[in-house]
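Asks: Here is what each chain is made of, one letter per residue.
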Amino acid sequence: MVVKNYILENCYYDSVFLMRLARKLSEKDNIENASIGMGTPLNKDTITDLGLNASEMDTTGPNDLIIAIKGTDEEACEAAREDFFTLVNERETQTSKNSFRSIAGAKSSNPDANLAIISVAGEYAAIEAKRALQNDMNVFMFSDNVPIEDEVELKKLALSRGKFMMGPGCGLSFINGVAIGLCSMVNRGDIGLAGASGSGIQEVMVLVHRNGFGISHAIGTGGRDMSDEVGGISMIQSIRALSEDKDTKVIALISKPPAQSSLIKVIDEIKKCPKPVVVHFLNGDNTLLKENSILYSETFDDTARMVMELSCGHSVEMKKIFDDDVDIDAEVKKFSGDQKYIRAILCGGSLTDEMQILWNKDMGPIYSNAAFDSKLLLDDPFTSVENTVIDIGDETFTKGRAHVAIDPTARVNRFIKEARDRETAVIYLDFLLGYALHGDPASVMAEAIIAEKKRAEEEGRHLCVIATICGSDMDPQDFDKQAQILKDAGVILADTNKTAVEHAMKIIKTLEER
Amino acid sequence: MNTREISYTNDNHKIISICNNLKQFKWQKGVVAGVYDKCFNILTENRDLVTIFKNTDMVSTRAMISDVVNSFNKTDILNNMPVVFKNNIIYVGKSTFNLTSAEYIDFKRDRFTLENHDKCNIKILENVLCRYGKQTPLLTDGCIKDRFSSGFDLLKTDLDLGIKSLVGLGIGLTPSCDDVLAGMSAYFYLTDTADSFICHIREYLNSQGDKATTVVSKNLLCDITEGIISDTVYNLIYSILFDSPNIEKCARRLLDYGSTSGTETCLGIIYAHSLMVGKEKPQWL
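Sequence lines, in order, name chains A and B. What the first sequence shows, in the numbering used here, is residues 1 to 514, in sequence order. What the second sequence shows, in the numbering used here, is residues 1 to 285, in sequence order.
Bear in mind the hints are in silico, worked out from the structure with no lab data behind them. Do not take every clue at face value.
Straight-line Cα separation of at most 20 Å, EDC-like style, residue types lysine to aspartate or glutamate; simulated pairs [to be verified]:
hint, chain 1, residue 1, chain 2, residue 2
1, B, 74, A, 90
2, B, 249, A, 144
3, A, 509, A, 394
Over 10 Å on every C-beta distance to chain B, these chain A residues come out as not near it, computed from the model [stated by the list, open to error]:
hint, residue
4, 14
5, 42
6, 134
7, 409
8, 446
Computed from a predicted model, the values in this text were never measured in an experiment. Ideal Cβ positions, reconstructed from N, Cα and C, are used throughout, including at glycine.
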C-alpha cells in the first residue's frame, strides 16, 4: 500500500461536499481509504490516526486542503487525485450549466419542458409549484409539509389549467414510460395506476412487469389527496385521464384509507368510468365499495393479479422468481430458547402497512412506529417491543438525511441493534430498486448481515433474515445481482411483501408452538 | 490586477449594507477564498475576512450585502482570484461592487438579564434539530466524533486544554468544532454567564488562531467573543430565552447556514445550555 498527500493551497470547500468526495474516492478499486480536509493541526492528527499521513502534509497550514489517499500503488493514488478534480469540475460545470434562477428561466431555456419536479423545503414549495403551473407545466412535488390550504389551491389551479399537481409528498410517478422520483423502471402496457402509496404502487408495478404485463401510467396523487379538505381532486382527475387515455385498458387505485366525503366522490367517478377499476385502500373499510359493486382488493399481490386478469381476460398465475418452499422446521431448530420475535425494518411505508394488516389478521398484534392502532404504537420508535415492524423511512430516523432507500445508514444501524437482541429470531427487510435510489442497497446491508449472523452463531443463536426486492430487471441496480448478493449473505428471498410476511409468520408461529 | 483588467469589467453591482465592524479593517488587496451560492469570501492582505453576500437577510458578521440576485456560482468569480479595493469599489474578475451608497448595520449585542434557564425551551430546539438538522461529521465521522467527544469532556474540567483540543477540528471551511464553539460562545456571551470561557477562546485565537484553524473560522469566532453576533444566531438564542413560539422558525433559519455550520452552531447552543443547567456544572461556570 502507498500513502499520498496532495496539497491545494488556499482552497475552500464545504464539509458535506468534502465528505462526499472522500467517500467516493474510498469506494474506488485499489483505494483502501481517503480523507479530505483543511490542514488544521487537529485535522492533521486525525489524518495521522487514520494512517493516511505522508511527508507532504508536514508543511501545510490551516488554509490548505489536504487530500490524503491510501492505495495499492502510486498509480492508484494518482488516479484518485485526478478523480477528485473531475468531481470538483463536474460540480462546478453542473452548477453553471444546468441550474436556473427561476422556473420561468428554466422554461424559457427549455420551452418543451412540461413537468417541474419540486423538492425544496415545504414552506417554499407551494410558491414554486404555482409558478410552474402558471408556466404551463405539470408538477411533481416531492416536498411535504405544505399547508393543506395551499395544496387545495394548487390542485384547483392545476385542474383549471388542465395540468397535474402530483403531491405534495409524492414519492413516485411513472408517466409515458418515464420513472419520476423514487421509482422503478418497468415495461409499458395497458394497466394504469393512481394513488398515494409510493412503495405500494411500486410493488404492483413490478409484479405487473415481472408477469409480462406493463404500465401505461402511474400517477402519484400525494398522501392527503383523499382527505376531507382536498376531496380527492387528483384521484378524480387521474381516473378521468386514465379513462380517456387510449393506451390504458384497466385502472387500479391504491391509497391509504380515504375520508368518507372523498370516497363518495371517487365512487361516483368510478361508476362513470367505462374501464374496469380495481380499488385497494390499505386497511380501509370496503363496505361502500361492495355496496356499489366496485372491484376491490386487500393486498398488493391481489391488486396486481386482478388488473392483469382484467387486462388479458383470463386467470393469471403469478410467476415465481424465488423458491417459496422454505424449510421452516430446519430454521426453527437453529434458534435458541430466548428467540421468539420478528423485527421487520422496512423502507416502504405502504409495505409496512400491508405487513401490519396481514400480521394482525393471522397472528395478532404487531407493534410499529406507524401502527394503525394507537395501542400498538411504539412509545420509543428506536426500541422494538415483541413483534415489531418499523417504517424506517419515517423522518424520525433519517434526521435531515435523504430517504433511507437512498442513504441506508439508519437501517444498517437499526438492523445491527435488532440482530443483537437475544429475543430476535427473524429480521425482515425490503430492498427498493429504481432511479434515484441507492445504487447497491444489497451490498450495503449484506456486510452487516454476514457479520451479525456470524456473531449470533458464536453466541449460540441463529439469525434468520428474510428479504424482498421491490424492483425490476430494468432498474439500474441489476435485480439479479442484488438477489445474488443477498443469497450469498444467507438471506431467504421472497417474491413479494406478502410472501415474505407469510414466511415470517410461519416461523414465528412454529416458535410460539414449540 | 492592472488597469487593463479593470477596463474589462462588465458586471457592476452595488453594496447595499455593510457590517459596522468592517469599518476597522483597512485594506486594498485581497484574494477570493471560497465561492458559494449565497456569498463569496475575500481574505484581505491583513488576513481579515470580508464576505460579499447576494441580496439576503441571512448574513454573517463580516458581511457586505450586495444587490446581486444570482448565485455567485454562476458568475466568473473563482477561488484564489485577486481582489482590489480602491476608491470605494471592489474589483473581482469582471465584477465590481460599489460601496458608495451603502448603509452600515451593527451586530454588536447587549447582554440579556436572566432570572432562570428554562429547560423546556431547549427541548424545543433539540426536537427541531432532530427533525431538520443536517448530517454533520461531528456525529457521523468516527475519528472526528471521538476527538470531539473527548475534547468536549476535557472542556468541562480544563478550559485551556479543551479549547485547544477543539479549535480547528473538522474538515470544511469553518471546521465543525469551531461552529460548536461559536454557538456556545454566543450563548455564554448573551446570557452573560461564562466570561472565563469567552476570554479563554479569545486569548487562544489571538495567540494561536492563525495556526490552529482556517482564517475564515478564526475571524467569525473572534467576532462572537467580542459580542458581534449575527441576527440569525441572536434571534435563536433570544427566542429560547424569551420567545418560545418562535424557536422553530429561528432554528430552521440557522440550520440553513452553510453546509453543516447552522446545525453545529445549534448543537453549540444546546451544549452551552446543558452545561449551565446540568448537575455537574464546570468550575468555570
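Asks: If a hint holds in the structure, say so; if it does not, say that too.
Replies: Status of each hint after checking the structure:
1. Among the hinted pairs, residue 74 (chain B) with residue 90 (chain A) is consistent with the structure: their alpha-carbon atoms are about 14 Å apart, no more than 20 Å.
2. Among the hinted pairs, residue 249 (chain B) with residue 144 (chain A) is consistent with the structure: their alpha-carbon atoms are about 17 Å apart, no more than 20 Å.
3. About 28 Å separates the Cα atoms of residue 509 (chain A) and residue 394 (chain A), which puts this hinted pair outside 20 Å; it is violated.
4. The claim that residue 14 (chain A) is not at the interface with chain B is violated, since a C-beta of that chain comes within 10 Å of its own (minimum 4 Å).
5. For residue 42 (chain A), the requirement that its beta carbon stay farther than 10 Å from each beta carbon of chain B is not met, with the minimum near 4 Å.
6. With a minimum CB-CB distance of about 20 Å to chain B, residue 134 (chain A) clears the 10 Å threshold, and the non-interface call stands.
7. At roughly 8 Å from the closest C-beta of chain B, the C-beta of residue 409 (chain A) falls inside 10 Å, breaking its exclusion from the interface.
8. Remark: the non-interface label on residue 446 (chain A) is consistent with the geometry, its nearest Cβ contact in chain B lying 21 Å away (cut-off 10 Å).
Violation of the numbered hints given earlier is confined to hints 3, 4, 5, 7; the remaining hints are satisfied by the structure.
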